[in-house]
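Position 179, counted from 1, in the sequence shown is what numbering that gives the first Met the number 0 calls 178; the numbers after and before it change by one each time, with no gaps.
In short, the hints are calculated from the structure, not lab data. Quick caveat, the model's predicted, so the values are computed rather than measured. Incorrect hints may have been included.
Label-pair restraints from in silico Cβ distances [what the hints assert, rightly or not]:
(1) ALA121 with GLY46: 22 to 32 Å
(2) THR35 with GLY86: 53 to 63 Å
(3) PHE28 with ALA138: 26 to 36 Å
(4) PRO53 with GLY86: 38 to 48 Å
Ideal Cβ placement from N, Cα and C applies to all residues, glycine included.
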Amino acid sequence: MDAARSRASGSRSASHLISRLGTFALAYFEERARWTAEIATRVPADGPVASHAPAVQLYHSFPTGPVDDPGTLGLRHDYPAPITVDGSNYPSVAHAYWALSVTDPQTRLAIAAAETAATARALATEAPRREGWEHARTAVMTRLLNAKYDQHPELAEILLATGDATVIYDDMNSAFWGDNAGRGRNWSGRILELVRSELQAQRAGIFRM
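Sequences and hints are given; from them, build the entire structure.
Okay, structure coming up:
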(Lines of atoms letter the chains of each structure in order from A and count residues from 1; the text may use other names and numbers.)
(Lines give C-alpha, C1' and ligand atoms only; values in the text may rest on other atoms or scores of the structure.)
Protein backbone atom coordinates (compact mmCIF):
# COMPACT_ATOMS: atom_id res chain seq x y z
CA MET A 1 0.00 0.00 0.00
CA ASP A 2 2.80 2.41 0.94
CA ALA A 3 4.59 1.62 -2.31
CA ALA A 4 1.43 2.32 -4.29
CA ARG A 5 0.90 5.65 -2.51
CA SER A 6 4.55 6.54 -3.15
CA ARG A 7 4.19 5.78 -6.85
CA ALA A 8 1.00 7.82 -7.08
CA SER A 9 2.62 10.73 -5.28
CA GLY A 10 5.63 10.57 -7.59
CA SER A 11 3.37 10.52 -10.62
CA ARG A 12 1.50 13.62 -9.37
CA SER A 13 4.80 15.41 -8.73
CA ALA A 14 6.05 14.61 -12.21
CA SER A 15 2.80 15.78 -13.76
CA HIS A 16 2.95 18.99 -11.73
CA LEU A 17 6.55 19.60 -12.82
CA ILE A 18 5.70 19.01 -16.48
CA SER A 19 2.74 21.38 -16.18
CA ARG A 20 4.91 24.10 -14.61
CA LEU A 21 7.58 23.66 -17.30
CA GLY A 22 4.91 23.98 -19.97
CA THR A 23 3.61 27.18 -18.36
CA PHE A 24 7.11 28.64 -18.17
CA ALA A 25 7.82 27.72 -21.81
CA LEU A 26 4.57 29.29 -22.98
CA ALA A 27 5.30 32.47 -21.02
CA TYR A 28 8.83 32.59 -22.44
CA PHE A 29 7.70 32.37 -26.06
CA GLU A 30 4.91 34.89 -25.50
CA GLU A 31 7.39 37.33 -23.97
CA ARG A 32 9.86 36.69 -26.79
CA ALA A 33 7.17 37.43 -29.39
CA ARG A 34 6.27 40.70 -27.62
CA TRP A 35 9.95 41.69 -27.39
CA THR A 36 10.54 40.93 -31.08
CA ALA A 37 7.50 43.00 -32.08
CA GLU A 38 8.70 45.93 -29.95
CA ILE A 39 12.17 45.77 -31.50
CA ALA A 40 10.65 45.81 -34.98
CA THR A 41 8.81 49.04 -34.19
CA ARG A 42 11.83 50.72 -32.58
CA VAL A 43 14.54 49.89 -35.12
CA PRO A 44 14.12 51.21 -38.70
CA ALA A 45 14.08 48.52 -41.35
CA ASP A 46 17.39 48.25 -43.22
CA GLY A 47 15.60 47.83 -46.50
CA PRO A 48 14.03 45.18 -48.70
CA VAL A 49 15.70 41.82 -49.05
CA ALA A 50 14.80 41.58 -52.73
CA SER A 51 15.13 44.20 -55.46
CA HIS A 52 12.13 46.32 -56.39
CA ALA A 53 13.29 46.78 -59.98
CA PRO A 54 13.43 43.95 -62.52
CA ALA A 55 16.86 42.53 -63.30
CA VAL A 56 18.99 44.32 -65.89
CA GLN A 57 20.63 42.03 -68.44
CA LEU A 58 23.84 43.32 -70.05
CA TYR A 59 24.24 41.14 -73.10
CA HIS A 60 27.57 40.56 -74.81
CA SER A 61 28.16 43.22 -77.42
CA PHE A 62 30.72 44.40 -79.92
CA PRO A 63 30.59 48.22 -79.82
CA THR A 64 32.42 50.00 -82.63
CA GLY A 65 32.19 53.51 -81.21
CA PRO A 66 30.33 55.75 -78.77
CA VAL A 67 26.71 56.63 -79.48
CA ASP A 68 24.53 59.52 -78.33
CA ASP A 69 22.17 57.36 -76.29
CA PRO A 70 23.85 54.03 -75.48
CA GLY A 71 21.36 52.93 -72.84
CA THR A 72 22.58 49.99 -70.80
CA LEU A 73 25.08 49.19 -73.59
CA GLY A 74 27.12 51.99 -72.02
CA LEU A 75 27.48 49.89 -68.86
CA ARG A 76 29.52 47.25 -70.65
CA HIS A 77 33.26 47.24 -69.89
CA ASP A 78 34.08 47.23 -73.60
CA TYR A 79 31.93 50.28 -74.34
CA PRO A 80 34.30 52.99 -75.72
CA ALA A 81 34.32 55.36 -72.77
CA PRO A 82 37.96 56.49 -72.39
CA ILE A 83 39.33 56.63 -68.84
CA THR A 84 42.49 57.94 -67.23
CA VAL A 85 43.95 55.92 -64.36
CA ASP A 86 47.21 56.81 -62.60
CA GLY A 87 48.21 59.06 -65.49
CA SER A 88 47.61 56.47 -68.22
CA ASN A 89 44.83 56.72 -70.82
CA TYR A 90 42.73 53.79 -72.00
CA PRO A 91 39.96 53.60 -74.63
CA SER A 92 37.71 51.56 -72.33
CA VAL A 93 37.59 49.77 -68.99
CA ALA A 94 38.36 46.51 -70.78
CA HIS A 95 41.52 47.98 -72.32
CA ALA A 96 42.66 49.22 -68.90
CA TYR A 97 41.90 45.92 -67.20
CA TRP A 98 43.87 43.83 -69.67
CA ALA A 99 46.74 46.31 -69.84
CA LEU A 100 47.13 46.30 -66.07
CA SER A 101 47.04 42.51 -65.96
CA VAL A 102 50.34 41.97 -67.79
CA THR A 103 53.92 42.38 -66.61
CA ASP A 104 55.63 43.60 -69.79
CA PRO A 105 55.49 47.42 -70.22
CA GLN A 106 55.60 47.24 -74.03
CA THR A 107 52.73 44.76 -74.14
CA ARG A 108 50.83 47.03 -71.78
CA LEU A 109 51.22 49.92 -74.21
CA ALA A 110 50.14 47.73 -77.13
CA ILE A 111 47.02 46.65 -75.26
CA ALA A 112 46.16 50.24 -74.39
CA ALA A 113 46.48 51.15 -78.07
CA ALA A 114 44.47 48.17 -79.37
CA GLU A 115 41.69 49.06 -81.81
CA THR A 116 39.06 47.01 -79.97
CA ALA A 117 38.57 45.50 -76.54
CA ALA A 118 38.61 42.05 -78.13
CA THR A 119 42.05 42.74 -79.57
CA ALA A 120 43.21 44.02 -76.18
CA ARG A 121 42.08 40.79 -74.56
CA ALA A 122 43.79 38.67 -77.22
CA LEU A 123 47.09 40.48 -76.68
CA ALA A 124 46.83 40.01 -72.92
CA THR A 125 46.06 36.32 -73.29
CA GLU A 126 49.43 35.77 -74.96
CA ALA A 127 51.43 37.67 -72.31
CA PRO A 128 52.54 36.70 -68.77
CA ARG A 129 50.08 37.77 -66.10
CA ARG A 130 51.11 39.77 -63.03
CA GLU A 131 51.86 37.68 -59.95
CA GLY A 132 48.82 37.50 -57.70
CA TRP A 133 46.53 38.92 -60.38
CA GLU A 134 43.75 36.47 -59.61
CA HIS A 135 43.57 37.86 -56.07
CA ALA A 136 43.73 41.52 -57.11
CA ARG A 137 41.48 41.53 -60.18
CA THR A 138 38.20 42.35 -58.44
CA ALA A 139 39.79 45.35 -56.70
CA VAL A 140 41.30 46.46 -60.03
CA MET A 141 37.93 46.23 -61.77
CA THR A 142 36.27 48.18 -58.96
CA ARG A 143 38.86 50.95 -59.29
CA LEU A 144 38.42 51.09 -63.06
CA LEU A 145 34.64 51.21 -62.89
CA ASN A 146 34.78 53.96 -60.28
CA ALA A 147 37.00 55.90 -62.68
CA LYS A 148 34.63 55.30 -65.59
CA TYR A 149 31.52 56.57 -63.84
CA ASP A 150 33.36 59.44 -62.19
CA GLN A 151 34.77 60.60 -65.53
CA HIS A 152 31.56 59.97 -67.51
CA PRO A 153 28.61 61.43 -65.56
CA GLU A 154 26.21 60.63 -68.40
CA LEU A 155 27.01 56.93 -68.01
CA ALA A 156 26.72 57.22 -64.23
CA GLU A 157 23.14 58.43 -64.79
CA ILE A 158 22.39 55.30 -66.82
CA LEU A 159 23.77 53.12 -64.03
CA LEU A 160 21.81 55.02 -61.38
CA ALA A 161 18.64 54.65 -63.44
CA THR A 162 18.76 50.89 -62.85
CA GLY A 163 17.71 51.56 -59.25
CA ASP A 164 18.22 48.51 -57.09
CA ALA A 165 17.99 46.01 -59.93
CA THR A 166 20.18 42.94 -60.01
CA VAL A 167 22.73 43.45 -62.79
CA ILE A 168 23.29 40.33 -64.86
CA TYR A 169 26.44 40.65 -66.94
CA ASP A 170 26.90 38.35 -69.93
CA ASP A 171 30.51 37.46 -70.76
CA MET A 172 31.05 34.56 -73.13
CA ASN A 173 34.79 34.64 -72.39
CA SER A 174 34.65 34.37 -68.61
CA ALA A 175 32.57 32.40 -66.13
CA PHE A 176 34.19 34.51 -63.42
CA TRP A 177 33.07 37.90 -64.72
CA GLY A 178 29.88 36.83 -66.46
CA ASP A 179 26.61 35.31 -65.27
CA ASN A 180 26.29 33.30 -68.47
CA ALA A 181 22.78 31.95 -67.95
CA GLY A 182 23.41 31.25 -64.28
CA ARG A 183 26.55 29.20 -64.85
CA GLY A 184 28.99 32.01 -64.01
CA ARG A 185 29.83 34.02 -60.90
CA ASN A 186 28.72 37.38 -62.34
CA TRP A 187 31.45 39.43 -60.66
CA SER A 188 31.03 42.19 -63.25
CA GLY A 189 27.38 42.53 -62.31
CA ARG A 190 28.16 42.48 -58.61
CA ILE A 191 30.79 45.22 -58.86
CA LEU A 192 28.51 47.37 -61.01
CA GLU A 193 25.89 47.10 -58.25
CA LEU A 194 28.52 48.14 -55.68
CA VAL A 195 29.63 51.14 -57.75
CA ARG A 196 25.97 52.09 -58.25
CA SER A 197 25.43 51.96 -54.49
CA GLU A 198 28.43 54.23 -53.94
CA LEU A 199 27.02 56.70 -56.46
CA GLN A 200 23.65 56.59 -54.70
CA ALA A 201 25.35 57.21 -51.35
CA GLN A 202 27.14 60.24 -52.79
CA ARG A 203 23.92 61.58 -54.26
CA ALA A 204 22.16 61.14 -50.92
CA GLY A 205 24.86 63.21 -49.25
CA ILE A 206 26.12 60.31 -47.14
CA PHE A 207 29.61 60.68 -48.60
CA ARG A 208 31.30 63.73 -50.05
CA MET A 209 31.78 63.81 -53.79
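Hints versus structure:
1. ALA121 with GLY46: 22 to 32 Å: Distance hint for ALA121, GLY46 is violated at roughly 42 Å.
2. THR35 with GLY86: 53 to 63 Å: Taking Cβ atoms as reference, THR35 and GLY86 lie about 55 Å apart, which means the hint holds.
3. PHE28 with ALA138: 26 to 36 Å: For PHE28 and ALA138 the Cβ distance comes to about 47 Å; the hint is violated.
4. PRO53 with GLY86: 38 to 48 Å: For GLY86 against PRO53, whose Cβ atoms are near 40 Å apart, the range 38 to 48 Å holds.
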